[in-house]
Amino acid sequence: MRILNILVIAALVIAASYVYKIKFDSTLQAERVAKLRHELRRERDAVAGLRAEWAKLQAPMRIQGLAERHLKLKSAVSTQLANFDNLPMRPAPAPPQDDPIASMIVPGAPQETTGSISRPGAPR
Amino acid sequence: MTAIGFTAPAKKTTESRWQRVVRTLLYGANVDRNVKAKARLGLAIIVFVAVYGIIAGKLIMFALISEGHGGRRSVAQDAVATARPDIVDRHGSIIATDVKMPSLFAEPRRLIDVDEATELLTAVLPDLDARELRERLASGRGFVWLKREITATQQREIHRLGLPGIGFLTENKRVYPNGPVVSHQIGHVNVDNQGIAGIEKWLDGQGLAALHMAGLATDRLQKPVELALDLRVQFALRDELAKAREKFSAKAAAGLMLNVNTGEIVAMASEPDYDPNNPREANDPTRINRLTTGVYEMGSTFKALTIAMGLDSGRMGLNTTFDARLPLRYGKFTINDYHAQRRVLSIPEIFTYSSNIGTARLALSLGVDYHKAFLRKMGQLDRLRTELPESSEPIVPKRWGELNTVTIAFGHGLSVAPLQAVMGVAATLNGGLLIPPTFLKRSEDEARAMAKQVIKPETSIKMRYLMRLNAEIGSAKTANVDGYYIGGKTGTAEKVVNGRYSKTKLLTDFMAVLPADKPQYLLLIMLDEPQASKETHGYATAGWNAAPTAAKVIARVAPLLDIAPRFDLPNAEQSILVSNRVAR
Numbered sequence: 001m002r003i004l005n006i007l008v009i010a011a012l013v014i015a016a017s018y019v020y021k022i023k024f025d026s027t028l029q030a031e032r033v034a035k036l037r038h039e040l041r042r043e044r045d046a047v048a049g050l051r052a053e054w055a056k057l058q059a060p061m062r063i064q065g066l067a068e069r070h071l072k073l074k075s076a077v078s079t080q081l082a083n084f085d086n087l088p089m090r091p092a093p094a095p096p097q098d099d100p101i102a103s104m105i106v107p108g109a110p111q112e113t114t115g116s117i118s119r120p121g122a123p124r
Numbered sequence: 001m002t003a004i005g006f007t008a009p010a011k012k013t014t015e016s017r018w019q020r021v022v023r024t025l026l027y028g029a030n031v032d033r034n035v036k037a038k039a040r041l042g043l044a045i046i047v048f049v050a051v052y053g054i055i056a057g058k059l060i061m062f063a064l065i066s067e068g069h070g071g072r073r074s075v076a077q078d079a080v081a082t083a084r085p086d087i088v089d090r091h092g093s094i095i096a097t098d099v100k101m102p103s104l105f106a107e108p109r110r111l112i113d114v115d116e117a118t119e120l121l122t123a124v125l126p127d128l129d130a131r132e133l134r135e136r137l138a139s140g141r142g143f144v145w146l147k148r149e150i151t152a153t154q155q156r157e158i159h160r161l162g163l164p165g166i167g168f169l170t171e172n173k174r175v176y177p178n179g180p181v182v183s184h185q186i187g188h189v190n191v192d193n194q195g196i197a198g199i200e201k202w203l204d205g206q207g208l209a210a211l212h213m214a215g216l217a218t219d220r221l222q223k224p225v226e227l228a229l230d231l232r233v234q235f236a237l238r239d240e241l242a243k244a245r246e247k248f249s250a251k252a253a254a255g256l257m258l259n260v261n262t263g264e265i266v267a268m269a270s271e272p273d274y275d276p277n278n279p280r281e282a283n284d285p286t287r288i289n290r291l292t293t294g295v296y297e298m299g300s301t302f303k304a305l306t307i308a309m310g311l312d313s314g315r316m317g318l319n320t321t322f323d324a325r326l327p328l329r330y331g332k333f334t335i336n337d338y339h340a341q342r343r344v345l346s347i348p349e350i351f352t353y354s355s356n357i358g359t360a361r362l363a364l365s366l367g368v369d370y371h372k373a374f375l376r377k378m379g380q381l382d383r384l385r386t387e388l389p390e391s392s393e394p395i396v397p398k399r400w401g402e403l404n405t406v407t408i409a410f411g412h413g414l415s416v417a418p419l420q421a422v423m424g425v426a427a428t429l430n431g432g433l434l435i436p437p438t439f440l441k442r443s444e445d446e447a448r449a450m451a452k453q454v455i456k457p458e459t460s461i462k463m464r465y466l467m468r469l470n471a472e473i474g475s476a477k478t479a480n481v482d483g484y485y486i487g488g489k490t491g492t493a494e495k496v497v498n499g500r501y502s503k504t505k506l507l508t509d510f511m512a513v514l515p516a517d518k519p520q521y522l523l524l525i526m527l528d529e530p531q532a533s534k535e536t537h538g539y540a541t542a543g544w545n546a547a548p549t550a551a552k553v554i555a556r557v558a559p560l561l562d563i564a565p566r567f568d569l570p571n572a573e574q575s576i577l578v579s580n581r582v583a584r
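Taken in order, these protein sequences are the chains called A and B. In terms of full-length UniProt numbering, the first sequence is numbered consecutively and its last residue is 124. In terms of full-length UniProt numbering, the second sequence is numbered consecutively and its last residue is 584.
Read the hints as simulated data drawn from the structure, not as lab findings. Please note: incorrect hints may appear among the correct ones.
Derived EDC-like pairs: lysine to aspartate or glutamate, alpha-carbon spacing no greater than 20 Å straight-line [to be verified]: (1) A:Lys72 to B:Asp239; (2) B:Lys201 to B:Asp284; (3) B:Lys247 to A:Glu43; (4) B:Lys456 to B:Asp517; (5) B:Lys100 to A:Glu68; (6) A:Lys74 to B:Asp239; (7) A:Lys56 to B:Glu149; (8) A:Lys74 to B:Glu149.
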């Protein structure tokens with residue numbers, strides 16, 4: 001009988017401490033959730049603020065004002081628009097010309113190289 | 001006492017007289033002490049159970065309420081000006097959004113030194129009125145607003161002052177990054193973030209207000225509202241309208257671009273407008289939205305409806321002619337033509353010369369009732385309701401006689417909201433579907449589901465032909481843009497001043513369809529009292545101001561709307577009538 005009592009008491013103590021631990025953990029988790037939620041909200045608000053600012057910066061009215069002040073561009077007209085079907089075929093590459101001066105300086109230099117600046121896209 | 005109690009049983013027999021006296025005084029004369037003890041024990045048990053019960057109950061209450069309490073406090077922090085969903089245009093650019101802003105408040109009862117607080121606060125916020133601030137702080141109330149919407153730096157500085165009884169609440173502030181560019185559609189909100197005009201008010205009507213009441217609309221609402229509006233088109237339209245208004249010294253300029261196949265309003269501007277960030281301007285009556293709130297006699301653009309009625313009646317074709325040799329006399333009124341030809345005109349000629357006599361005769365030949373029924377079918381006689389809360393009823397003559405039919409045939413005597421006229425004309429061009437216009441994004445299928453077939457598709461093709469023809473040989477020539485196959489109809493209405501038609505105060509408008517052979521968009525340009533100038537050779541009619549403005553808008557807007565320029569297209573007859581195999 002006494003052993004049973006002791007066992008029950010021990011079980012009680014263990015259960016109580018376990019419940020306490022769970023409660024403690026859950027409080028901790030809840031706090032973390034609250035904190036994260038708060039952070040999330042703050043970030044979201046910050047994002048919204050930045051998006052609003054971005055929208056303000058890229059507002060067409062502002063862009064046009066800047067373009068008129070700083071650029072010498074004119075608005076495009078319909079004749080400047082074309083689609084790919086209307087583009088002519090790419091012309092055939094011009095036959096390599098004999099460049100006597102270049103071959104004198106660098107014997108066997110590739111023809112597309114002029115001076116020190118290579119043609120854009122050509123390997124240096 | 002205890003000593004007596006414990007020792008008493010042992011000395012029961014030898015209890016002295018003195019002791020008995022004490023016992024009688026303590027417990028009463030003849031009480032059974034066993035019964036008494038049991039009763040006391042019971043009482044003690046009950047008291048303890050009650051006390052612990054209360055404690056346990058209280059604990060449970062704390063456990064349950066503490067969470068709710070915390071939650072409520074955080075809600076109170078944000079609920080002052082509740083959140084609204086973002087509003088974006090059809091490509092996702094932000095038109096309206098919420099930004100969190102701190103607001104300054106005070107609890108005067110908790111203030112210690114009013115003078116010091118006043119001094120320090122006015123140092124940080126110089127635009128606060130010191131006397132008013134002192135009054136508020138000394139009021140002894142529980143809560144007063146000091147300043148709504150302060151900046152983050154000001155908040156930091158005030159926080160550093162360390163004043164007791166001064167605090168901040170974050171509030172949602174509605175901002176419109178595009179300022180006045182999108183004003184009339186979007187409307188605006190008041191300081192408590194409640195919509196009071198335009199789409200913002202419509203949003204409140206969609207259940208947002210109820211959410212506010214319930215205190216639920218506190219956090220950022222995730223789903224943005226998508227408008228049909230294209231911000232870039234809107235800007236281009238508004239910009240050109242502003243230029244036109246200045247160039248022709250007009251009182252006002254308004255423009256609207258409608259997708260004829262979906263009923264979406266892609267752009268709508270009415271100059272002068274206002275900045276929704278500063279809604280006070282909106283109360284100025286000259287800044288109303290002329291396209292939905294105002295009603296106007298649309299002038300010759302209304303002839304498009306009259307001629308569509310004629311062609312759709314089945315009683316006439318494009319070759320039918322009407323006598324326009326003599327002015328039409330009707331009682332004391334004489335109807336004359338602006339570009340009088342003095343001969344018999346066919347329907348395309350009536351349209352391109354904009355013959356009042358011809359359209360009037362056409363309408364008369366069908367009768368008053370037919371005319372009225374047709375206009376009702378086209379939605380011109382009833383109030384047009386869109387998402388915008390502001391709308392106005394067309395002014396329809398109370399007794400509609402033959403004279404009314406004569407004048408309404410060429411656009412006088414019936415005042416409609418311009419948006420309404422655009423809806424009607426769009427129906428004559430898009431294959432005969434009357435689609436209620438909307439400010440929200442809508443797909444073609446949705447539009448078709450709610451559309452009503454009001455005229456025959458063949459009539460619609462003939463109308464496209466007439467519109468294009470007018471841009472080739474008629475009054476819409478000035479609206480031509482290289483590469484865009486536009487069609488259009490001009491309209492010049494004389495304004496009614498003191499009950500009479502004024503010869504000098506005109507309302508000019510122009511409707512352009514783009515492209516005419518396969519309509520996608522309908523553009524309306526409207527100028528209120530444009531002035532003649534040297535550049536317009538002394539004319540103030542629509543062909544000289546509204547139509548060129550439309551051309552400028554189309555040149556800017558067509559690339560944005562994915563309309564590819566096409567060159568060397570055949571004339572109207574070839575490209576529209578012959579290719580669709582429509583008999584004349």
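These are the hints, each one checked on the structure:
Between Lys72 of chain A and Asp239 of chain B the CA atoms are separated by roughly 19 Å; this keeps the pair inside 20 Å, and the hint holds. Straight-line distance between C-alpha atoms of Lys201 of chain B and Asp284 of chain B comes to about 19 Å, which keeps the hinted pair within the 20 Å bound. With a C-alpha separation of about 48 Å, the suggested pairing of Lys247 of chain B with Glu43 of chain A is violated against the 20 Å cut-off. Restraint check for Lys456 of chain B and Asp517 of chain B: satisfied, since their Cα atoms lie roughly 16 Å apart, inside the 20 Å limit.
Proximity of Lys100 of chain B to Glu68 of chain A is assessed by CA-CA distance (about 33 Å); at most 20 Å being required, the pair is judged violated. A C-alpha spacing of about 15 Å is found between Lys74 of chain A and Asp239 of chain B, which places the hinted pair at or below 20 Å, so the restraint holds. Distance hint between Lys56 of chain A and Glu149 of chain B is fulfilled; the C-alpha atoms sit about 19 Å from each other, no more than 20 Å. As the CA atoms of Lys74 of chain A and Glu149 of chain B are separated by approximately 41 Å, the hinted pair breaks the 20 Å bound.
Violated hints for the displayed structure, listed by number in ascending order: 3, 5, 8.
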